[in-house]
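Number of protein chains: 2
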Amino acid sequence: MAVNSPLPVAADLKPVAGIELGYAEAGIKKPGRKDVLVMKLADTATVAGVFTKNRFCAAPVQISKANLAAGAKIRALVVNTGNANAGTGDEGLARARQTCEALAQELGCAPEQILPFSTGVILEPLPVQKIVAALPAAIQNLKADNWFNAAEAIMTTDTQPKAASRTVSIGGHSVTMTGISKGAGMIKPNMATMLGYLAFDAKVAQPVLDELVRHAADHSFNSITIDGDTSTNDSFILMATGAGTLEITSLEQPEYAALRDAVTELSRTLAQMIIRDGEGATKFMTITVEEGKDVEECRKIAYSIAHSPLVKTAFFASDPNLGRILAAIGYAGVDDLDVTKLNLYLDDVWVAKNGGRNPDYKEEDGQRVMKQSEITIRVKLARGAATATVWTCDLSHDYVSINADYRS
Amino acid sequence: MAVNSPLPVAADLKPVAGIELGYAEAGIKKPGRKDVLVMKLADTATVAGVFTKNRFCAAPVQISKANLAAGAKIRALVVNTGNANAGTGDEGLARARQTCEALAQELGCAPEQILPFSTGVILEPLPVQKIVAALPAAIQNLKADNWFNAAEAIMTTDTQPKAASRTVSIGGHSVTMTGISKGAGMIKPNMATMLGYLAFDAKVAQPVLDELVRHAADHSFNSITIDGDTSTNDSFILMATGAGTLEITSLEQPEYAALRDAVTELSRTLAQMIIRDGEGATKFMTITVEEGKDVEECRKIAYSIAHSPLVKTAFFASDPNLGRILAAIGYAGVDDLDVTKLNLYLDDVWVAKNGGRNPDYKEEDGQRVMKQSEITIRVKLARGAATATVWTCDLSHDYVSINADYRS
Numbered sequence: 001m002a003v004n005s006p007l008p009v010a011a012d013l014k015p016v017a018g019i020e021l022g023y024a025e026a027g028i029k030k031p032g033r034k035d036v037l038v039m040k041l042a043d044t045a046t047v048a049g050v051f052t053k054n055r056f057c058a059a060p061v062q063i064s065k066a067n068l069a070a071g072a073k074i075r076a077l078v079v080n081t082g083n084a085n086a087g088t089g090d091e092g093l094a095r096a097r098q099t100c101e102a103l104a105q106e107l108g109c110a111p112e113q114i115l116p117f118s119t120g121v122i123l124e125p126l127p128v129q130k131i132v133a134a135l136p137a138a139i140q141n142l143k144a145d146n147w148f149n150a151a152e153a154i155m156t157t158d159t160q161p162k163a164a165s166r167t168v169s170i171g172g173h174s175v176t177m178t179g180i181s182k183g184a185g186m187i188k189p190n191m192a193t194m195l196g197y198l199a200f201d202a203k204v205a206q207p208v209l210d211e212l213v214r215h216a217a218d219h220s221f222n223s224i225t226i227d228g229d230t231s232t233n234d235s236f237i238l239m240a241t242g243a244g245t246l247e248i249t250s251l252e253q254p255e256y257a258a259l260r261d262a263v264t265e266l267s268r269t270l271a272q273m274i275i276r277d278g279e280g281a282t283k284f285m286t287i288t289v290e291e292g293k294d295v296e297e298c299r300k301i302a303y304s305i306a307h308s309p310l311v312k313t314a315f316f317a318s319d320p321n322l323g324r325i326l327a328a329i330g331y332a333g334v335d336d337l338d339v340t341k342l343n344l345y346l347d348d349v350w351v352a353k354n355g356g357r358n359p360d361y362k363e364e365d366g367q368r369v370m371k372q373s374e375i376t377i378r379v380k381l382a383r384g385a386a387t388a389t390v391w392t393c394d395l396s397h398d399y400v401s402i403n404a405d406y407r408s
Numbered sequence: 001m002a003v004n005s006p007l008p009v010a011a012d013l014k015p016v017a018g019i020e021l022g023y024a025e026a027g028i029k030k031p032g033r034k035d036v037l038v039m040k041l042a043d044t045a046t047v048a049g050v051f052t053k054n055r056f057c058a059a060p061v062q063i064s065k066a067n068l069a070a071g072a073k074i075r076a077l078v079v080n081t082g083n084a085n086a087g088t089g090d091e092g093l094a095r096a097r098q099t100c101e102a103l104a105q106e107l108g109c110a111p112e113q114i115l116p117f118s119t120g121v122i123l124e125p126l127p128v129q130k131i132v133a134a135l136p137a138a139i140q141n142l143k144a145d146n147w148f149n150a151a152e153a154i155m156t157t158d159t160q161p162k163a164a165s166r167t168v169s170i171g172g173h174s175v176t177m178t179g180i181s182k183g184a185g186m187i188k189p190n191m192a193t194m195l196g197y198l199a200f201d202a203k204v205a206q207p208v209l210d211e212l213v214r215h216a217a218d219h220s221f222n223s224i225t226i227d228g229d230t231s232t233n234d235s236f237i238l239m240a241t242g243a244g245t246l247e248i249t250s251l252e253q254p255e256y257a258a259l260r261d262a263v264t265e266l267s268r269t270l271a272q273m274i275i276r277d278g279e280g281a282t283k284f285m286t287i288t289v290e291e292g293k294d295v296e297e298c299r300k301i302a303y304s305i306a307h308s309p310l311v312k313t314a315f316f317a318s319d320p321n322l323g324r325i326l327a328a329i330g331y332a333g334v335d336d337l338d339v340t341k342l343n344l345y346l347d348d349v350w351v352a353k354n355g356g357r358n359p360d361y362k363e364e365d366g367q368r369v370m371k372q373s374e375i376t377i378r379v380k381l382a383r384g385a386a387t388a389t390v391w392t393c394d395l396s397h398d399y400v401s402i403n404a405d406y407r408s
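Line order of the protein sequences matches chains B and Y. Residue 260 in full-length UniProt numbering sits at position 260 of the first sequence; the count goes up by one each step and never skips. Residue 374 in full-length UniProt numbering sits at position 374 of the second sequence; the count goes up by one each step and never skips.
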C-alpha cells in the first residue's frame, strides 16, 4: 500500500557507464527470491558513503567504513538481504570478511577493495556459506542494465522496488545517474538510510565526492522517518564511475554546484520512495518548520511531530485532531519557545494563530485536507530565518501487523 | 484490556481526614458520565504539585502553577474531563479563571485558592458554562468516602478507574493516604502525568511538601511512558490535609524518610496502573538499565527501548526479535557507549553477552518469557554504578484503533 509511489519501470532505468550489477538467489531467509546483489565498478570509479550512527552498527558497516577510510580503491559492492549481521560480535565481523574474501577472489582484487552490506533480522548469525555459494551466479549475470533487478534484490518488507534515473547536462557534458534504495521500517536514518546506492558516470575526485555524499544525505535520507528507529545497517553510497566526460576535481569548480543539486534531487526522490512505501503507510506527510533560530531547532520540532504516535494515528484516521500537533511541538525540547507567536498550517488552511485556534479555522477545512493522501504540515515559529523539512508517513494497523509478524 | 491491573474496590479506598470529594455530570463531551470533580480541603492542608514541561501547557496548568507559586492557601481543586483547554490562547485562560471564580463563590474563598485542571481534546474551546452549571451538584455530594467516584470522574480513554490506599505507621503516628490517577495515552510525563492526586492526613510544611512531590514524581509518574507523547496537561498533586497527628516541619526530621518512601510507593502504584491500562496494552514491561555512568544515560537508553515502535510491536506479538532492543540501545544517543561490553537479559534469560548473541541463548527461552504478560528487560552497560527503571507497555492494533477513533 504505497502512497502515490510511482513504480519504477525497468525500461526507464538508465545504465550508467562504468558499473555493472548482478544478482542471485542464495536462499538466505526464504528460497526463490533475489537476496544477493553484486555491483562491479570500473577502474576509474571513486566511491564515498555515509553510515548509521547507531552504536550497534553492523559488522559489514564497520568493514565498509574501514575500507573507505583506508583509501582502498573500491572495485565492488556486495549486498545481502534476510540477515543484518548486526549484534553478532567478532564472529559477525569474520563472516562479513569471509564474504569479501570470496568475492575478491572471484574478481581478482584484494578483499579491502570490496564494500559489504547486509539487511534483515538483527542478532542472528549470518549464513555466510549460502552467500559465498551464490556469488558465482551473481557475477555471471553482471550487466549494465540490471538496475531494476538490483532494486528488487535489496528489498525486505518493501512492497515495491525503489529506483530512479536522471540525465542532466552539466557544463556541456551529459551525466547519467541511476539510484536504488530500500527500507520500509526501522527508518530514521542518522547519516543515511539502509540502503541507498547512487551511481553516475562523471569522474569525481575523492574529497569532492566525500563532501557531495554528506550534502546529498543531509537533504534526503537524513530527513526522513517512518518510526524513529535508527537502523544498525543504514548506508548511503555514491559511486562516480568516471566513465563519462565530466570531471570534477575541486569544490570550487563551477560544475560542482550543478552536479550537487542533481545528485541531491535524485537522492531525495529515492528517500521519499522509502516513505511512500513505509510499512502500512496510507499518507505521505511533508513537515516544514519555518522561522526558526537555527536548523537544529526546526529539525527537532519537525521530528517531534513526525514521531508522535498520536499525530500519526490521527492522520491515518483522516481526523483533524490537530491539537496533537501542538502538543508534539510543545514537548520537542525547544525550551524558550514562545508558543503565543506560533502559527500552524495544514496545506493552505491556517489552523492555529498565535498559539491558539485561528478564529477563522473551520473543522470542515481541516477535514478536507486530512482526507488527501499527501499533506503538508507547516509550522511558523516567528523566531528567525531557519527552515527544515522532514518527510514521514502515518501509523496504521498495517504497521503493527507487519512488525508483529516480521519474523514469522 | 488492562494488564494484570487490580481493579480498585470502593470499600478498599480509605477516606483521608481533611479532604472531601464531589462529582457531577456536566455533559461536557457526552451526557450521562461523571466529568467534573471537586476536591475540598481542610484549612490545615498544604498542597504541592509538579506539572508538564510541554511548552503548550494548558490554561488550567498555567493558573494552577501561578496560584501555587503565589503561596495562596489552596482550598479546593476542580477537574473536568472531555476538554483539555490547551492550545486555546487568552480565551482559554479566561475560561479557566471563570471556573475558579464560580467555585470560589460557592465555597466562600478567593479564586486564587482554587486549582483548576482539565483533560481531553486539545485546541477546542472549553464549554465553561456547562462546568459552572454543574458545580453546585458536585458540591452537594462532597463526601470523604467518594474516592472511587472521584477516580471514575477523571477517566477519559481509561478502561478502569485507578486508585489505591495505604495506612502506614510513622513515628508512632498512623497516616492514611489515598490517591487517584488517570491516563492511557499521550503518556510520557515530563514532570508528572495527567492526572495524579494523592492526599494524606499528616501535617507537612510547604518546603517539605515541595521536595516530597518532586521526589515522588521522579520515582513514579516521571518514569512511565506509553507512546512518548508528553501531554499539555500533566499534573501530579500532593495534598497533606494536616488532619492527622503526624507533623513534619523539616526534611531533617527522622519521620520524613518514612513518609517519603510511603508516598513514593503509592505514587508508583498509581503510575503503574496507568501503564497497565495503557491504550491497547497487552504487556506490562519493566525496563531496567544498570551499570551506567549516570542516571541520565540510563534513562536515555531505557526510554529509547520503551519508545521504539519495533520493540513494542515485537512484544505485542510475543516474538523474541530481540535484536530490535540492541538497535534501540545503539541509537539512544550515548555516543561513547562500548557495545562490546553490553549484556542484555529478558527476565532470567541471558540474551546478549558482550554485545553479541550469548552462545548459550536459546530461542525457546526467549519465547517462553515473551509469552508472559509481565516482562523485565535488563541492560547492563559495564560503565559505572548508576541505574534507572522505566515502565511501559506494548504497541498493539488497539492502540491504533483507539487513537484513530478518539474524537468520533
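What the hints contain is simulated information worked out from the structure, not anything from laboratory work. Treat the hints with care, as some may be off.
Intra- or inter-copy, both count: the list cannot distinguish identical chains.
Here are the computed lysine-lysine pairs in the DSSO-like style, where the Cα-Cα straight-line distance is at most 30 angstroms [said to hold, decoys possible]:
(1) 293 - 30
(2) 30 - 362
(3) 130 - 34
(4) 203 - 30
(5) 143 - 14
(6) 30 - 353
(7) 34 - 341
(8) 300 - 53
(9) 203 - 29
(10) 371 - 203
(11) 65 - 300
(12) 130 - 300
(13) 203 - 362
(14) 293 - 53
(15) 371 - 29
(16) 300 - 29
(17) 130 - 293
(18) 362 - 14
(19) 203 - 341
(20) 353 - 203
(21) 371 - 293
Each hint tested on the structure:
1. 293 - 30: Answer is neither: 50 angstroms inside a copy and 43 angstroms across each miss the 30 angstroms cutoff.
2. 30 - 362: between (52 angstroms within a copy, 22 angstroms between copies)
3. 130 - 34: within (13 angstroms within a copy, 64 angstroms between copies)
4. 203 - 30: neither (39 angstroms within a copy, 68 angstroms between copies)
5. 143 - 14: within (12 angstroms within a copy, 78 angstroms between copies)
6. 30 - 353: For residue 30 and residue 353, the Cα distance is within 30 angstroms only across copies (28 angstroms; inside one copy 54 angstroms).
7. 34 - 341: Answer is neither: 53 angstroms inside a copy and 36 angstroms across each miss the 30 angstroms cutoff.
8. 300 - 53: Classified as both; 17 angstroms inside a copy, 16 angstroms across copies.
9. 203 - 29: neither (38 angstroms within a copy, 66 angstroms between copies)
10. 371 - 203: Close neither inside one copy (46 angstroms) nor across copies (56 angstroms); limit 30 angstroms.
11. 65 - 300: Cα proximity of residue 65 and residue 300: in one copy and across copies (28 angstroms, 27 angstroms).
12. 130 - 300: neither (43 angstroms within a copy, 39 angstroms between copies)
13. 203 - 362: Neither: 55 angstroms inside a chain and 51 angstroms across chains, both beyond 30 angstroms.
14. 293 - 53: Classified as both: same-chain Cα gap 26 angstroms, cross-chain 21 angstroms, threshold 30 angstroms.
15. 371 - 29: Answer is between; shortest inter-copy Cα gap is 24 angstroms, intra-copy 39 angstroms.
16. 300 - 29: Neither: 37 angstroms inside a chain and 34 angstroms across chains, both beyond 30 angstroms.
17. 130 - 293: Neither: 52 angstroms inside a chain and 42 angstroms across chains, both beyond 30 angstroms.
18. 362 - 14: Classified as neither; 48 angstroms inside a copy, 47 angstroms across copies.
19. 203 - 341: Neither: 49 angstroms inside a chain and 43 angstroms across chains, both beyond 30 angstroms.
20. 353 - 203: neither (51 angstroms within a copy, 46 angstroms between copies)
21. 371 - 293: neither (33 angstroms within a copy, 48 angstroms between copies)
Hint compliance for this structure: hints 1, 4, 7, 9, 10, 12, 13, 16, 17, 18, 19, 20 and 21 are broken, all remaining hints hold.
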